[in-house]
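**Student:** Letter by letter, the chains look like this.
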Amino acid sequence: MIQLKSQLKKFGLIFVAMLIGAFQSQAAKTHLNMGMVLEPPHLDPTAGAAAAIDEVVYANVFEGLTRINRNGEVLPALAKSWEISEDGLKYTFHLQSGVKFHDGASFDAYDVVFSLERAMAEGSVNAQKALFKPIAKVVASGNQKVVITLKNPTGHFLFNLGWGDAVMVDQGSSATNKSKPVGTGPFVFKRWVSGDRVELGPNPNYWGEKPALKTATFKFIPDAAAAVAAIMAGDVDAFANFPAPEMAGQFKNDSRFSVVEGSTEGETILSTNNQKAPFNDLRVRRAIAHALNAQEIVDGAMFGYGTPIGTHFAPHHPAYVDLKGLYPHDPEKAKALLAEAGFPNGLKATLKLPPPTYARRGGEVIQAQMAKVGIELELIPVEWAQWLDQVFRNKDFDLTIVSHTEPMDIGIYTQRYALMGAAQAVIAQDAVNGYLFQLAKLGIWNSNLSGLWENSPVQANDLTEVSWK
Amino acid sequence: MTFFMFRRLTALMVTLLVASLLIFLLLEILPGDPAAVILGVGAQEDTLRALRAELGLDLPAPVRYLNWLGEVLQGNLGRSYTYDTPVQELLLNRVELSLPLALLAILLSTGIAIPLGVFAASRHRKVADTSIMGFAQLGVAVPNFWFAILLILLFSVKLGWFSAGGFAGWDAGWFPAFKSLVLPAVALALPQAAILARVTRSSVLETVQEDYIRTARAKGLSRSQALWRHAVRNALIPVVTILGLQLSFLLAGTIIIENVFYLPGVGRLLFQAIAQRDLMVVKNLVLVLAATVVLINFLVDLLYAVLDPRLRLGFHG
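Chains as they are written, first to last, in my numbering: chain W, 2 to 470; chain E, 4 to 320.
Here chain E stands alone, though its shape is the one from the complex (with noise of 0.2 Å):
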């Protein structure tokens, strides 16, 4: 097992530092001036160089590059140029939305997908199970942005219940925040359970056809006994799975959604960074993103192994 970890920990760290230097050359052939942007079409040339010497733009490539990696590694993600603060800084703004807003669209997706597509399965070609298919299927086809401009027409502008986007903030009180998060969620939750919902009904489906649930069965255990004790967990891996890639989407992909409820969310803050060719912005959230997703991977192997000892013991050869 220690190993194993180490063996990972060095594969993170190597990948990590592929995807700093695979950032770095994309936003060197990147076009468009930083200095420009921000000083806009009336700038004087003397003034765009001075603003280039400010913000280090005037260095050679490979120096501005080695000068990033010493101060990633020293825990400093440098100045965003355009905001004139700490990225760390942003960033931590940011988290306080992404981090909560995708716990609670897992959390939504999960406890909804997974007992229906149980259910389902345990309903095999039944009108249950077709019509919980059926569901699914819609809401896999029906994009996230529109089913949230529905969602804000009807509980924001008819019904009044929520506001129709914008975040109170923790600091105006957990109930207000929460509110304020409670249709992007279900927003981001829908398709997500749609997917996850399909995807535990096949796999509980092939687990019941298993020698192990047949045995269960012989061995007096109920059908849904058999189901829920044994069939269930095993199915659970490619659900896991699943379940890691959309964590790490919704924690970077969720620009759609944080534009249509206006967000201040990590998505929003790299999409508006591009724009404004805010690479200091850019390339440290990138990496900060990179090293979560390759962190959450890592987390889902861990949990493969706790779903399934065979894959624990497999780790000592």
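Isolated chain W (complex conformation) (with noise of 0.2 Å):
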């Protein structure tokens, strides 16, 4: 008996500490689990297009000479500062000092000029080499300095610096990077449970500001209704991309979690195969603008969330021009256009749809809008692999629908957003595409954590300004 009573006076003593524990830990919240739908196949951004990458590494452990902020702005990183000649050729660049990478090789002048002849050279597998097409050379002018002459003066250079394709490397570990990524960025990798998560920690030896996370774990939850049992579930503290906006409702009125709706650069289009009868008849695609309705495509497929636009230019875009009054949804008209063209009882074509929900679910909406005006459409669902294949590279299809995710610089040139505007207005007259809205970005997350991206101007989930309040 009075065994089982120290007994119980233990775990009485235990418990009390667990309880101190578990306020200690709450007063200083370090950690975050972030959900991501897809898992990144390897975690080097240098090779690979996968948008998922950029989203465990972008400057949480790789870091390039500029870096993107949530404004789409471009801010020093490593380079702390830099000049630009007179005829816009030379870039001079200064770096910063005391950079080490995680593995403790220090940061140079010369892994500047290995990493970016390493994306530019013969053999390289960088899915974003046009980036690098500019760059005439790179040569280092002692340790601290770079100096990167262009081919041509090159107006976004300072932004394409900033991609996660353009990411410092460190030649002694960029063989490795896939599955042991090695940067200068304020997390090291820890580990990679494949299939499972990624778990990154401190880097003691940060050369900046060190943010208020020290750990962080991405975990891979490609199932929407699993989503949100992990959020629900307190499993994972923030989806800064969230799957399923139809799911987002029950979010909206729990006070535990903030429902953040941002933009991303996703122009979702429907794309008409234009070198095919009839889309090459400009009268049918202009029949097919008048006879889609975007509001209707947003409420009906993304649940309200994304904005309807003219043009494939992202509406916050500095050079957007509102076009959309220029295709007004005008049943009647498009079936004058469709007579016009000599299809006064309509045309039979199929819709190809890549799997996000964008297409598949957008698809139906369009394929009931085009009923309409006398456009049959048979609606073939593709896998990712098979639209890259028969609908990007050799152009199988009548239509298919696709979110154009091209980011690009806000900076200050006012003179080429003109001619911008302009061209957006040509290639909206032509009918090219039909516009249908721009992809929203979806965050829910606990409402006590602060300074996640609202936005999306690259595919990142940036942690350095992120905490817990």
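Bear in mind the hints are in silico, worked out from the structure with no lab data behind them.
Please note: incorrect hints may appear among the correct ones.
With a Cα cut of at most 25 Å, we get these calculated DSS-like pairs of lysine-lysine [as the list claims (entries may be wrong)]:
| id | chain 1 | residue 1 | chain 2 | residue 2 |
| --- | --- | --- | --- | --- |
| 1 | E | 182 | W | 191 |
| 2 | W | 81 | W | 152 |
| 3 | E | 129 | W | 30 |
| 4 | W | 277 | W | 191 |
| 5 | W | 253 | E | 161 |
| 6 | W | 396 | W | 277 |
Predicted model only: the values in this text are computed from it and were never measured.
Please dock the two separately framed chains into a single complex, following the hints provided.
**Tutor:** So this is what it looks like as structure tokens:
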């Protein structure tokens, strides 16, 4: 009996200790569990196009000469400053001093030369090799200075250097970055439980300001219902890109969570194969444009998350021209145009749909809208690999839906913007694409969290400014 | 017995060879270029060419097939295109979850189903029988992903006893790892148990009609003694057949449950690999799974022999 009592006492003490521990950890919460739909295939942003790679490592593990911030602006990163020559061909970068890679190797001008030449090389497998096309040569001038000479002036060059594909890597570790990424960022890679999670830890030797978070775990949850349950159960603190707009409602009325609608750079379009009859006929393309009702698609397919567009530019882009009025929703006019083009009884076509929700569900709404003007669409769901092969490469399609993502520099090139505006009008006049909507970025996270990105000017989960209240 | 083993093993090898050819041909006609999937829409033609050469995709098909067979025979399952790690390693990581999960589910389902099935048979046409079979009918009808979501809502979201998914990993200690397998195992086991219980019941009902049961009763065994000692063992043959099929299914076919609980298992690896056109993972994984299924069937055949001496004798003939 006495023994039992002392046992109980012991348990009591442990319990109290645990309680204290719990309170302490609450006071200084420095860990974040971030949910993601897709698992990155590997963790080297310089060797693959998958957005999931950048969503784990960009700004957290790897850094470039410049970086893109939450507003799409270019900021200094590993280059603390730069000068651009009068003719716009010579960029001189001054590097941060005392920077070390996570494996202890020091970062200097020669690493910049190595990283950029590696990306530009003959056998390079960089998914955005075009970013480096304008570069004529990269020369180190001492340890802390790099001079990049361009073939022709490139307005986006500083922005381009801020892409995940242009991050700095070390010669010694570049071959193993896919499974064991070594960068210069504020977080170090800890481990990757394939299929489940990636864990990041603090970088004690970080050159810049240390983030409030010490550790972070990215958990990969492909299923929407599972994602909801994971947030509800507290297994993940945030889902920066929540996959299921139809389920966002239940979080809105729950004070434990913030539901944040932001914008992406993804313009969702109904792309027509304008090299193929009958879509080579401008009247048919215009008929399709008049038959579309973008707001109805946003409401029906995305549960209201998204902004209708009339051009391939994002509404938040400074050069955006509102051309939504160019082809107002007008089924009668669409029918007339079709009749004029020689299809008084309508026509049949196929619509190939890649896996994302916006395409699969948007396709159903579009099918109904087209049926009203006599265009009978057959929906063909395709996998991503099939889409790339059949639609993107071999142009074997009538219509398809795709979200076109190409981040743009938000700088001050006013003159160029005027030209961009004119170009938008021309492309929209030709009705090459049916413009649908700007994809929203729907974020759901614990309401005690702050500092996560609202919008995604580039695909990233930048954790450097995230903290718990 | 030795001759039987030899014949079965030869058949096993031939099956696997045919399977390998089939897998290779299927992947040949599968649309989609792995290099294009890895590099995306922004890729340049020369970058794609460089990657294809790096992956060995520029060689003619027969050469690639023979190269693959050669590698497999040396026990080398190649390197994943996307993960850039040996397929063996990926597979072993995933088996750490899938095998215990499958075994746990089988254990649960047999542990529930066989006693329930036998009990229902012993209460043939009574309330217990009808209600057990009613529940079994429900268990067969309920889709397991939906049942899984209900489990999560109750035990994770409401009660907070288990995490809603994910796998703690065996290095976190056996208890957290085991805990993360409980709900998925229950979700997997329920429909399996329902099927198994129905098969057990009808099989037992059939065997109790047999002459030897009457003989056993005549020599003085009670009803339940005759049932448990003679009928059940003979009734197990169809049950074992179903069990063999279920184990194969559990190892490969848990894609949905693994998605609902976001578990890093073999099924999800395969699913992801197909979507990413990681053909190296797909072909080797499918081959390994085919080998597993063939092997399980082989073991099931051996089990028949243990259960039914007549089959054992038949092997000599």
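**Student:** Against this structure, judge whether each hint is valid.
**Tutor:** These are the hints, each one checked on the structure:
1. Between residue 182 of chain E and residue 191 of chain W the alpha-carbon distance is near 24 Å, which keeps this suggested pair within the 25 Å criterion.
2. Under the criterion of a C-alpha separation no larger than 25 Å, the hint pairing residue 81 of chain W with residue 152 of chain W is consistent with the structure, at around 24 Å.
3. Proximity of residue 129 of chain E to residue 30 of chain W is assessed by CA-CA distance (about 59 Å); at most 25 Å being required, the pair is judged violated.
4. About 51 Å separates the Cα atoms of residue 277 of chain W and residue 191 of chain W, which puts this hinted pair outside 25 Å; it is violated.
5. For the given pair, residue 253 of chain W sits about 19 Å from residue 161 of chain E by alpha-carbon distance, which is consistent with the 25 Å threshold.
6. Pair hint residue 396 of chain W plus residue 277 of chain W holds up; C-alpha atoms about 9 Å apart against a cutoff of 25 Å.
Checked against the numbered hints above, the structure violates hints 3 and 4; every other hint is satisfied.
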